[in-house]
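K.L.:
As they're listed, the protein sequences go chains A and B. Position one of the first sequence corresponds to residue 1 (this note's numbering), numbered consecutively onward. Position one of the second sequence corresponds to residue 1 (this note's numbering), numbered consecutively onward.
It should be emphasised that the hints constitute simulated quantities derived from the structure, not laboratory data. There could be a bad hint or two in this list.
Pairwise CB distance ranges, derived in the manner of DEER restraints [stated by the list, open to error]:
| id | chain 1 | residue 1 | chain 2 | residue 2 | range |
| --- | --- | --- | --- | --- | --- |
| 1 | B | ALA160 | A | GLY24 | 27 to 37 Å |
| 2 | B | ASP64 | A | ALA9 | 18 to 28 Å |
| 3 | A | ALA9 | B | ARG42 | 52 to 62 Å |
| 4 | A | ILE120 | B | HIS172 | 25 to 35 Å |
A quick note: this is a predicted structure, and the numbers were derived from the prediction, not measured. Positions of the beta carbon are idealized from the N, C-alpha and C atoms, including for glycine.
Spelled out from the first residue to the last, the chains are:
There are 2 protein chains.
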Amino acid sequence: MTKEAPHFAEELEELKKRLLFMGGLAEERVRAAVSALVMRDRGRIAEVMSGDASINRLHLEIDDRCFKILALYQPVAVDLRIVVSTVKINKDLERVGDLAVNIAEAAERYVAHEPVKPLIDLPRMGDIAQSMLHDALNAFVSRNVETAEKVLARDDLLDALKDQIFRELLTHLLGEPRKIEPAVQLILISRHLERVGDHATNVAEDVIFIVEGRDVRHQTVDQAR
Amino acid sequence: MTKEAPHFAEELEELKKRLLFMGGLAEERVRAAVSALVMRDRGRIAEVMSGDASINRLHLEIDDRCFKILALYQPVAVDLRIVVSTVKINKDLERVGDLAVNIAEAAERYVAHEPVKPLIDLPRMGDIAQSMLHDALNAFVSRNVETAEKVLARDDLLDALKDQIFRELLTHLLGEPRKIEPAVQLILISRHLERVGDHATNVAEDVIFIVEGRDVRHQTVDQAR
């Protein structure tokens, strides 16, 4: 293994760089989808809807890199945790890319109608979800457990905003049949943004696993038993 | 490796059994959630909502098994593909368990109102999603690519039903404000079931990767470029 060690270190470094690049793309696509919705910009909505190919290619490439690293270098301990976690994070980031498409699809249907209301909480959810993803990826690179734990704490905020948006839109709907379809689209968008936050949470949990080898997932469930 | 080979084969067999057991639980929970919705059975809805702990425990256990197998036996070729794919399938099955909870949560809100309409397409979506998951897991165990490919073909059917349910419910809503909230819950449930189908699709794609070493994900995207 000593002979191969420099190659391994390089490959692992390159793997992290590619994952981070993919994370940046996923983040940017969520931001673009929400911003296009707020601006009611059909051109940019269409761009997000059709722009999934780069993330999909990275998804395959990163999986392939992980597989080859495992096969060639048979890493152990923290290096093994990094590679296995990268397989999982890669899956989360690919889903975030899909969710950006889902947001843009719902936005396309939304802007076909008159605005239901000024959009304030949805962009706020978008900002929170994007920053959670950003911080989770930073925590991954710097192996910073504290940053990762702060990501976990913000997930409840997204959940609360999602519920608030739901209740508010239901009130808007009563007696205004024309607003029904666009309001349902906003409800769906709030769910997609909540899911982006869930994926950021997954990434943050993987970071804690990499650094401390401790699995913090499902903690509330297990504590409740 | 020769000395350790029997242990490795046993561990791998046990890993597959546990994953299959988890898959059976996930399937059953989706079935229970949809059936409780159709029967308007609040007791069983509550059971699904609170019954996620077994799947969550299996999620952690299976991840841990994969990690230990990689660290101890350093599998290669098809065995490595099985273990890496198990990490991914495990994540898909855990999400299916979450989606069963999401379905039950929406069902709880739905049954608090008068029925919007007879539920025919949603149970149909539930049956399709459940059978996709079932067949994908069977394909995993038997490494049957043909079965896996049939799973992929059924995903479009779920998408079409989801869109049909959406259009139909919007029509129901017009002029009937009391039906708005329950109808939105049915729309959300149809989305959750569509996602169950997506996870089954992921599992089927992993099976094709295990058997043939070929990655069929994002195929339409890549063909389009």
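K.L.:
Would you list, in rising numerical order, the hints stated earlier that this structure does not obey?
P.N.:
none
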